[in-house]
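Peer 1: The task is simple: from the sequences and hints, build the whole structure.
Number of protein chains: 2
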Amino acid sequence: MGAKRIIVIGGSAAGPKAASKARRMDENAEITIFQKASDLSMASCGYPYYVGGFFDDRSQLLCSPAGVVRDAKFFWNAKKINTKVLTEVTRIDRKQKKVEFTDLTTGKTGRAAYDKLVIATGSNARKPPVPGVELEGITTLQSLSDADYLRKIKDEGVIKKAVVIGGGLIGIETLEALHLAGIHITLIELLPQLLTFLDKHMARLVEKYVQTKVNVILQNGVASFLGENGVLKAVKLQDGTEIPCDLAVVAIGVTPNNKLAKEAGLAIGETGGILVDEYMQTTDPDIYAIGDCVEIPHLITHKPVHAPFGDLANLQGRVAGENLISGNVVKFPGTIQTGICKLFDYGVGSTGLSEQNALKLGYTDIETVVNASLDKPGFMNGNLLITKLIADKRSGKILGAQVIGAGDVSKQVAIWAMAIKGQFRVDDMVNADLPYAPPFSLAIDHSIATAHIMQNKLKGLFKDISAEQLKDKLKNKEPMLLLDVRNPNEFEEVRLGIGERLIPLGQLRNRLGEMPEDKTREIIAWCKISLRGYEAALILQANGYTNVKVLEGGIAAWPWSREK
Amino acid sequence: MGAKRIIVIGGSAAGPKAASKARRMDENAEITIFQKASDLSMASCGYPYYVGGFFDDRSQLLCSPAGVVRDAKFFWNAKKINTKVLTEVTRIDRKQKKVEFTDLTTGKTGRAAYDKLVIATGSNARKPPVPGVELEGITTLQSLSDADYLRKIKDEGVIKKAVVIGGGLIGIETLEALHLAGIHITLIELLPQLLTFLDKHMARLVEKYVQTKVNVILQNGVASFLGENGVLKAVKLQDGTEIPCDLAVVAIGVTPNNKLAKEAGLAIGETGGILVDEYMQTTDPDIYAIGDCVEIPHLITHKPVHAPFGDLANLQGRVAGENLISGNVVKFPGTIQTGICKLFDYGVGSTGLSEQNALKLGYTDIETVVNASLDKPGFMNGNLLITKLIADKRSGKILGAQVIGAGDVSKQVAIWAMAIKGQFRVDDMVNADLPYAPPFSLAIDHSIATAHIMQNKLKGLFKDISAEQLKDKLKNKEPMLLLDVRNPNEFEEVRLGIGERLIPLGQLRNRLGEMPEDKTREIIAWCKISLRGYEAALILQANGYTNVKVLEGGIAAWPWSREK
Numbered sequence: 001m002g003a004k005r006i007i008v009i010g011g012s013a014a015g016p017k018a019a020s021k022a023r024r025m026d027e028n029a030e031i032t033i034f035q036k037a038s039d040l041s042m043a044s045c046g047y048p049y050y051v052g053g054f055f056d057d058r059s060q061l062l063c064s065p066a067g068v069v070r071d072a073k074f075f076w077n078a079k080k081i082n083t084k085v086l087t088e089v090t091r092i093d094r095k096q097k098k099v100e101f102t103d104l105t106t107g108k109t110g111r112a113a114y115d116k117l118v119i120a121t122g123s124n125a126r127k128p129p130v131p132g133v134e135l136e137g138i139t140t141l142q143s144l145s146d147a148d149y150l151r152k153i154k155d156e157g158v159i160k161k162a163v164v165i166g167g168g169l170i171g172i173e174t175l176e177a178l179h180l181a182g183i184h185i186t187l188i189e190l191l192p193q194l195l196t197f198l199d200k201h202m203a204r205l206v207e208k209y210v211q212t213k214v215n216v217i218l219q220n221g222v223a224s225f226l227g228e229n230g231v232l233k234a235v236k237l238q239d240g241t242e243i244p245c246d247l248a249v250v251a252i253g254v255t256p257n258n259k260l261a262k263e264a265g266l267a268i269g270e271t272g273g274i275l276v277d278e279y280m281q282t283t284d285p286d287i288y289a290i291g292d293c294v295e296i297p298h299l300i301t302h303k304p305v306h307a308p309f310g311d312l313a314n315l316q317g318r319v320a321g322e323n324l325i326s327g328n329v330v331k332f333p334g335t336i337q338t339g340i341c342k343l344f345d346y347g348v349g350s351t352g353l354s355e356q357n358a359l360k361l362g363y364t365d366i367e368t369v370v371n372a373s374l375d376k377p378g379f380m381n382g383n384l385l386i387t388k389l390i391a392d393k394r395s396g397k398i399l400g401a402q403v404i405g406a407g408d409v410s411k412q413v414a415i416w417a418m419a420i421k422g423q424f425r426v427d428d429m430v431n432a433d434l435p436y437a438p439p440f441s442l443a444i445d446h447s448i449a450t451a452h453i454m455q456n457k458l459k460g461l462f463k464d465i466s467a468e469q470l471k472d473k474l475k476n477k478e479p480m481l482l483l484d485v486r487n488p489n490e491f492e493e494v495r496l497g498i499g500e501r502l503i504p505l506g507q508l509r510n511r512l513g514e515m516p517e518d519k520t521r522e523i524i525a526w527c528k529i530s531l532r533g534y535e536a537a538l539i540l541q542a543n544g545y546t547n548v549k550v551l552e553g554g555i556a557a558w559p560w561s562r563e564k
Numbered sequence: 001m002g003a004k005r006i007i008v009i010g011g012s013a014a015g016p017k018a019a020s021k022a023r024r025m026d027e028n029a030e031i032t033i034f035q036k037a038s039d040l041s042m043a044s045c046g047y048p049y050y051v052g053g054f055f056d057d058r059s060q061l062l063c064s065p066a067g068v069v070r071d072a073k074f075f076w077n078a079k080k081i082n083t084k085v086l087t088e089v090t091r092i093d094r095k096q097k098k099v100e101f102t103d104l105t106t107g108k109t110g111r112a113a114y115d116k117l118v119i120a121t122g123s124n125a126r127k128p129p130v131p132g133v134e135l136e137g138i139t140t141l142q143s144l145s146d147a148d149y150l151r152k153i154k155d156e157g158v159i160k161k162a163v164v165i166g167g168g169l170i171g172i173e174t175l176e177a178l179h180l181a182g183i184h185i186t187l188i189e190l191l192p193q194l195l196t197f198l199d200k201h202m203a204r205l206v207e208k209y210v211q212t213k214v215n216v217i218l219q220n221g222v223a224s225f226l227g228e229n230g231v232l233k234a235v236k237l238q239d240g241t242e243i244p245c246d247l248a249v250v251a252i253g254v255t256p257n258n259k260l261a262k263e264a265g266l267a268i269g270e271t272g273g274i275l276v277d278e279y280m281q282t283t284d285p286d287i288y289a290i291g292d293c294v295e296i297p298h299l300i301t302h303k304p305v306h307a308p309f310g311d312l313a314n315l316q317g318r319v320a321g322e323n324l325i326s327g328n329v330v331k332f333p334g335t336i337q338t339g340i341c342k343l344f345d346y347g348v349g350s351t352g353l354s355e356q357n358a359l360k361l362g363y364t365d366i367e368t369v370v371n372a373s374l375d376k377p378g379f380m381n382g383n384l385l386i387t388k389l390i391a392d393k394r395s396g397k398i399l400g401a402q403v404i405g406a407g408d409v410s411k412q413v414a415i416w417a418m419a420i421k422g423q424f425r426v427d428d429m430v431n432a433d434l435p436y437a438p439p440f441s442l443a444i445d446h447s448i449a450t451a452h453i454m455q456n457k458l459k460g461l462f463k464d465i466s467a468e469q470l471k472d473k474l475k476n477k478e479p480m481l482l483l484d485v486r487n488p489n490e491f492e493e494v495r496l497g498i499g500e501r502l503i504p505l506g507q508l509r510n511r512l513g514e515m516p517e518d519k520t521r522e523i524i525a526w527c528k529i530s531l532r533g534y535e536a537a538l539i540l541q542a543n544g545y546t547n548v549k550v551l552e553g554g555i556a557a558w559p560w561s562r563e564k
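Listed in order, the protein sequences are those of chains D and V. Each residue of the first sequence is one higher than the one before, starting from 1 at the first, in the UniProt record's numbering. Each residue of the second sequence is one higher than the one before, starting from 1 at the first, in the UniProt record's numbering.
To be clear, the hints were calculated from the coordinates, so they are not data collected in a lab. A hint or two may mislead.
Identical copies carry no separate label here, and so any pair may be met within one copy or between two of them.
Said to hold, decoys possible - Okay, derived cross-link-like pairs now, DSS-like style, lysine-lysine, Cα gap no bigger than 30 angstroms in a straight line:
id : residue 1 : residue 2
1  : 4         : 519
2  : 73        : 564
3  : 80        : 463
4  : 463       : 4
5  : 127       : 259
6  : 397       : 303
7  : 393       : 73
8  : 4         : 459
9  : 393       : 564
10 : 397       : 152
11 : 331       : 397
Note that the structure is predicted; figures quoted are calculated from it, not measured.
Peer 2: If you want it as structure tokens, here you go:
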């Protein structure tokens, strides 16, 4: 038998990774990558930062760690991998084990034979099916040419108003990039919240922050794009509002590009992603599929999900690259949908299940807490972190975590991702041994303190109430005592202003006489982050008050305006 | 029965934590903290940063998160906890369940009865038993008064030369603080390396960095302190060298302060720490002990260790505080000795076992790898990380990790700490789902890439050689081909200069004719970080060369000078 012939369709992230790993496993295989675009191995997650001007040298998006552009010559010389760019694979002939392709420059077609095939065709950006969507000035931020287009707009500095459609990860990253380009932005989101991987309450905190930078419109979609002479002039919303703009970036999600696979008769999963097993093998044993075009299992729910993340694409490429040479020897287990994005000075991240998703999936017996604290001591200029943790009530198993704030979000999300991957229960986390020194964390790390709060709640030591629940109670004018237990100077500086009474924690034991005579009356206590709120609740409970609640995350996690 | 009487000896970190937790569990208990020093709840890990001028307001070391100084009034008002500062407990009378104490201001003595007692007496800083140790100008950095003394020196700006004795965590932190105070430093360490929680090779990389800031002398101890009129003038070393200086900071470690416990007949462990069980209970069921005065189990070796870390002290305080109220309901499992320190622009951290320690403890069947890479993409201004990972060869279980560099060390150490706590095998780590976006990490996180290298090595895909082993081979003039596979421009910029030949990876397949005729001749390949070195090794192996090795961590991890 001669050298193994390997064809990879797709040259962005997963494809080149699979090809490179295959080469490392077999020096003699004949490996060819077909790539429809003109570039290879693009760091597509870096596009927003190129557009936003974090760096100016476009070739950095295409460089190896050693600073060499990964072009056809690089792939041949360093990796002995053939690459055919600007070449579209139009059909997979599984019977003959060949692919048909078209050279997009010359229009010539051809066929190439494979022993093993890898499909890494990525995803397609959704576009709203509304009038005017073909106007000049409307783009996505998915391809390098999209990035080039937007970077040119930044450099020219002519366009002053833009609309970003879609409040997901890409929309948020695009928004930052364009804002840094000096463009006035309106963000449109069809749903009642941004970033649906967050629970509503957490998303609202992000929204509050975003609104300090750009205009945000929720629960409103695009009805049409309005133009003159083929050029975008405004976006018309479903409620009739017209927003004048010269640029619209559409970021309403992506769908798996399953066309070739579907036409070749490979099984497609319920999410639209190509069906693969844990070896990244499709229903044809000679064909593997990886990256944004596949669906993979969620490690908690065991249900298939479409998880178009650059890191997973790379990991899947490594698995497929080894398996197609060595037989199915390594597995890709799945995802817990860990994600993060930068939003000006904030990090916003999540791993595992949100409360909303958990409830939707039938996890009814769950517990949640919100913890707000600095990431480092105040004397080391610590920044705020707000974490929402979700755990299974009976087993104590950690199901998910969301973290936002100007603090070290990335580390927190990584810690929880490891906890979920390791199937930690809350009790495993309360005495975790994490790296502590004041330049890096609090003595009790924010993640561990979050686990402490959850442990206390699971033990029934206290009850809490979310900001949203409290807002509802206020609306319904429910009789309750609202208790801010901070110091008077803190109260002067900022307060919720919802009819609360100030009794500093240090005075509470002496001022119990001011509490309601009816000991079953609801009392809601808080402080800046609700550590003192918790202590106040314990004091009141010990004195016979039976209906005391702590406001989750205190004033720090209050997502509405506050009195100053 | 009346209110439970709880006495806590020690008011720094663990003690107040236990007292506060006990209060939260029981509003009616009578709780008293005895504290020998004048302050309470000092953030002692923050002393070096106060000395170094990271912040100027000393009271921040004593503040609650809300910015209130935790003095006696605070403890009484907010927590209903009695505190007796400047009061030394001189004896524990276990029979009568009383402590005897002396008011250090008035000299008056007294007795107080307890139902439950907590010993949180901390540790004592070691001092070298040499002549002159009582001279003025010699200090430790253990107490707040030490910090005050050193901060005064910084503010006065008179002292220009200091010696720091001890290259452990505290020595390193002190060194940074004094350097920032504009003082010229010489660091003395008795052992052949700094930071013994690191393996020698990793420590040498730190040493190389430290030497760009201060003078480092290894394998030399203090013979005596020389003075004039009772004031320090020089440090005399064991080899006779005299180092003129006006200040010497001794940081040669701490020993558990077990005096009271020992005199009371409580069992003391083999490390000198008070013996406690997983409930933090001593051999007397009415006495708990926590913090730097105890010994705790190592979670990997199951052997007792003295682990004087501020985070563990706090966690133990929480456990003891709950147990002494509720009966023994919560456990403190032990430590994996996770630690980190800041060193100018570097982070230096470790968790689990080092290779040296593992070998000492009889783990002979281990595998190690070194990975050097950026923490984030180059276009996001990523910084270097160097990780050494230690795993059990047969089970693949992760035993330890050491991380150093200007990159995000804290997150990396946290990830490995979670992996070890979760008993991850290397295979569990290779497809971890960590938060990825270019502002935060590489597409394949540095930790995951480190696991990939380990997996490849455990599979026997390649062999590597440490910088030290290579240095030895060079000394012995062993016949070998040294191969740098980077690009010519990289080679021009910096190279090892040890007789290597440059063959860029992209040319290697065409220049195999330049390889030794004897295919069993040893070939050692590297690049900047040894990713290309690995690829070169695979090419050579595929072409029949049987003795190819990759230099661990490449040029980035070479701890000696390089040619420029």
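Peer 1: Checking against the hints above, which ones are violated?
Peer 2: 7, 9 and 10
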